[in-house]
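Based on the sequences and whatever the hints tell you, model everything.
Number of protein chains: 2
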Amino acid sequence: MQSFNPPVRTLMGPGPSDVHPRILSAMARPTIGHLDPEFIRMMDEVKAMLQYAFQTKNPMTMPVSAPGSAGMETCFANLVEPGDKVIVCINGVFGNRMRENVERCGGTCVEVKDDWGTAVSPEKVEAALVANPDAKIVAFVHAETSTGACSDVKTICEIAHKHNCLTIVDAVTSLGGVELKVDEWGVDSIYSGTQKCLSCVPGLSPVSFNEAALDKVRNRKTKVQSWFLDLNLVMGYWGQGAKRAYHHTAPVNTLYALHESLVMLKEEGLENAHARHRAMHNKLKVGLEEMGIKFLVDESVRLPQLNSVWIPEGVDDAAVRSELLTKYNLEIGSGLGDFAGKVWRIGTMGFSATEENILFCLAALKDVLGKK
Amino acid sequence: MQSFNPPVRTLMGPGPSDVHPRILSAMARPTIGHLDPEFIRMMDEVKAMLQYAFQTKNPMTMPVSAPGSAGMETCFANLVEPGDKVIVCINGVFGNRMRENVERCGGTCVEVKDDWGTAVSPEKVEAALVANPDAKIVAFVHAETSTGACSDVKTICEIAHKHNCLTIVDAVTSLGGVELKVDEWGVDSIYSGTQKCLSCVPGLSPVSFNEAALDKVRNRKTKVQSWFLDLNLVMGYWGQGAKRAYHHTAPVNTLYALHESLVMLKEEGLENAHARHRAMHNKLKVGLEEMGIKFLVDESVRLPQLNSVWIPEGVDDAAVRSELLTKYNLEIGSGLGDFAGKVWRIGTMGFSATEENILFCLAALKDVLGKK
Chain A
9 MQSFNPPVRT LMGPGPSDVH PRILSAMARP TIGHLDPEFI RMMDEVKAML
59 QYAFQTKNPM TMPVSAPGSA GMETCFANLV EPGDKVIVCI NGVFGNRMRE
109 NVERCGGTCV EVKDDWGTAV SPEKVEAALV ANPDAKIVAF VHAETSTGAC
159 SDVKTICEIA HKHNCLTIVD AVTSLGGVEL KVDEWGVDSI YSGTQKCLSC
209 VPGLSPVSFN EAALDKVRNR KTKVQSWFLD LNLVMGYWGQ GAKRAYHHTA
259 PVNTLYALHE SLVMLKEEGL ENAHARHRAM HNKLKVGLEE MGIKFLVDES
309 VRLPQLNSVW IPEGVDDAAV RSELLTKYNL EIGSGLGDFA GKVWRIGTMG
359 FSATEENILF CLAALKDVLG KK
Chain B
9 MQSFNPPVRT LMGPGPSDVH PRILSAMARP TIGHLDPEFI RMMDEVKAML
59 QYAFQTKNPM TMPVSAPGSA GMETCFANLV EPGDKVIVCI NGVFGNRMRE
109 NVERCGGTCV EVKDDWGTAV SPEKVEAALV ANPDAKIVAF VHAETSTGAC
159 SDVKTICEIA HKHNCLTIVD AVTSLGGVEL KVDEWGVDSI YSGTQKCLSC
209 VPGLSPVSFN EAALDKVRNR KTKVQSWFLD LNLVMGYWGQ GAKRAYHHTA
259 PVNTLYALHE SLVMLKEEGL ENAHARHRAM HNKLKVGLEE MGIKFLVDES
309 VRLPQLNSVW IPEGVDDAAV RSELLTKYNL EIGSGLGDFA GKVWRIGTMG
359 FSATEENILF CLAALKDVLG KK
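Chains as they are written, first to last, in this note's numbering: chain A, 9 to 380; chain B, 9 to 380.
Calculated directly from the structure, the hints in this document are not laboratory data.
Note that this is a predicted model, so its numbers are computed, not measured.
Any given hint could turn out to be false.
The list treats identical chains as interchangeable, and a pair is accepted whether it falls inside one copy or across any two copies.
Below, simulated DSS-like cross-link-like pairs (lysine-lysine); rule was C-alpha separation at most 30 Å, straight line [said to hold, decoys possible]:
| # | residue 1 | residue 2 |
| --- | --- | --- |
| 1 | Lys-251 | Lys-335 |
| 2 | Lys-251 | Lys-121 |
| 3 | Lys-162 | Lys-132 |
| 4 | Lys-144 | Lys-93 |
| 5 | Lys-291 | Lys-189 |
| 6 | Lys-229 | Lys-93 |
| 7 | Lys-350 | Lys-251 |
| 8 | Lys-144 | Lys-231 |
Listed below in C-alpha cells is the structure:
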C-alpha cells in the first residue's frame, strides 16, 4: 500500500471548490491539543470571523465538527421537539433532506413545494402558516445546491415571525458567495459548509443561533436526541464565557484551515467576495450562452456561484464529464434527482471563481463538445 | 486578523497525539471531489487498511466523517431501538457517555459498575445478563481513556453472545496501540478515533460492523434517529459494491491523512506497533517510579499507551501542567471526573511513543517537580 497522491484537479462542481494553497498549508501546521490555551485563542478568532461572515452578533456562532449535513442535523435535533409542527419548504434535494430530519426528530412536517429550479414562494409559506397556526418552525434553503436557485431569506423570515415561528435556514452554498445578513434578516438558526464559497476543505459546518432559538433549546421538555450535537453540551466547549470543558475532541487541523479561509475572507471583504462571484458568473454566462447553452434557473433568482445549465440535446452527460476529468482534470457536477442526466452544475465558488478558471472551463467545454 | 501559527508542542496527553510530518503533508495535498474516481479508489484502500487495523473481514468497515463521539453515536443510534434493554459497563467517563447515548436512543440502560481505574468485571456482566434475560446489547470500553484500564474484550463478547446479545465496543484509545482482534474475539460493532494510537489528526472515527449487527440495522422497526449517521444511507456511499451515491460531502483531506497514517501502520506492522507502545511504556514506567510516582491502574490491566499516575502529594496539578506547557511545550493530560486534580494522564500513543519523547518527558517532569 502506498501513499496517496491525488491528481491536481480544477474543481468547478457543486463543491468541494478549489482550496487555496494558503488554506492547505495552514492545515498542515503541527497539531496541538483541543484544550491548549493557544488553540482556545484560535477558537475565539474563528467565532469572531464567522460572526463577520454570517453578519451576526450571535455569541453562539461556531463550526460543528462535521460536514454540512451534521450542521443541518444540529439545527433540527436541537430545535424540533417530538410533536412539533414544522413548515418545510422543498424546492430541491436539500429541502427533502430537511423533511427527513424533521421526521426523525419526531416532528410533523408540513411541506411547501415549489418546482425544482425556482425559489421558495413566500406566498405559499404564508398560506401554510395560516392553515397551520400551531406550526413552530419554518425551515428553508437559501441557496439550493441541487438547482442553483436563491430564495428570499428576509421575506420568509418576516412571514415566519409574524406567525410566531422560528426559522432554520440552510446557507451551505450561500455563505461567502452572496449577500447573507443573519441579524438584519431575522434568521433564528442557520448552518453552512466550509467547502463551498469559503474555499476551505470539507468537514466542518459553521452554525449560528440567536437567543430566541437558544431559549427553545434550553427549555426543551426532552433531551436532544443526539449527544454529539446537543448544543446544551457543545456550548460548554464553544460557548461565550464557557469553561472550554471537554465535550469531544475538536478536529484541530481542519479548524486551522477554516481559520485561514476566514482570514482570507476578511482580507478580501465580504462585499468584494460577493462582487467577484457575480463577475465570474457573468463571464461564464456570456461564454456558455455563446455556445448555445441555456440556464435552468430564471435570472431573477439565479445564484452566481452555482450554475445549473441544460445539457445540450444529444450530448452524453457522463461521457462529457468523464472526458473533462481525464483530459483536463476539470470537475463539473452532474444533476441530482429529476435533473440527473439533464443538467450540469458548474460551480464558481470561492477560490474556483477566478478569471483563469472561467476561461479554462469554457475552452475545455468547447473542446469536449466539439465546438472548437 | 492574522494567520494562526500554532506553537510546536510535544503531545503526551490523552490525545491528540503527535502527528507525523508525513501525515500532515498528506493532508495538505490538493483537494479533489468526494465522487472523483481517484478518491473512490483511495476510499477502498482506506477500508482495506482499516480492516487490517481492526483485524476483521467485515465489509462494513469505514471511517465516520466526524470525531470518536460521533462514532460512538453511530453504533448506538443504529443498533439501539426504542425500548431495547442495553447492558452498559461503566468504569470511567466513556461508559457514562455510552449510557447517555442509550437513553437518548430511547433504550433502557442496565448499568454494570466497576471502580474507576479497574477493568470491567466479566462476572458482573454475566450476572447482569442472567438478571436481564431480555437484554439485547452489551456495551463496554476496551481502553478507558479516562483511567488507562484495559478490559477483556474476548471474554465479555463470549458472555454476551451466550446470552444472545450483540456487542458495542469502544476502541478509541486501543486501536493500533494494543492487541485488538475484531473477528477472532467476536466483536459485533466497534468504533475508534484517529487521534490516538494511529497518530492521525482528530476528526474521523473508524467503525466496523459485522453481519449480525447490520442485520439488526436493516431490520429496524423505526428509522435511525440520525440522518447523518444512518448506516442504511451511509452504506450507499461507503458500502461494498455500493454505487458511491452522494450522502454527505466526505472530509476529503482528513481522509488523505488517515490513509497515510494507515500506510505507516502497515509499514510498521501491527505487532511491531504494539511492541513499541509496550516498550515505551516500560521505559516511562521505570523513570516515573524512580521519581516515586505511582500508577493508578494495576499492572495486570494497565494500558501501555495511557499512563494514569497519582499526582505526588503537595504538588499543584495546574501549575505543573502549565509550566510543562509554557517552558517545554509539553502537553500532559489532567484527570477527569473524580480524578480531577488527583491524577495525570501521560499518553504514549502513536508517533508520541518514541525514545526521544520518553527521555524528554521524564527530564521535563523532573525539572518542573524540582527533583533535578
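Results of checking the hints against the structure:
no.	hint	result
1	Lys-251 x Lys-335	between (53 Å within a copy, 24 Å between copies)
2	Lys-251 x Lys-121	between (44 Å within a copy, 29 Å between copies)
3	Lys-162 x Lys-132	within (15 Å within a copy, 59 Å between copies)
4	Lys-144 x Lys-93	within (6 Å within a copy, 33 Å between copies)
5	Lys-291 x Lys-189	within (26 Å within a copy, 57 Å between copies)
6	Lys-229 x Lys-93	both (15 Å within a copy, 23 Å between copies)
7	Lys-350 x Lys-251	between (52 Å within a copy, 20 Å between copies)
8	Lys-144 x Lys-231	both (18 Å within a copy, 23 Å between copies)
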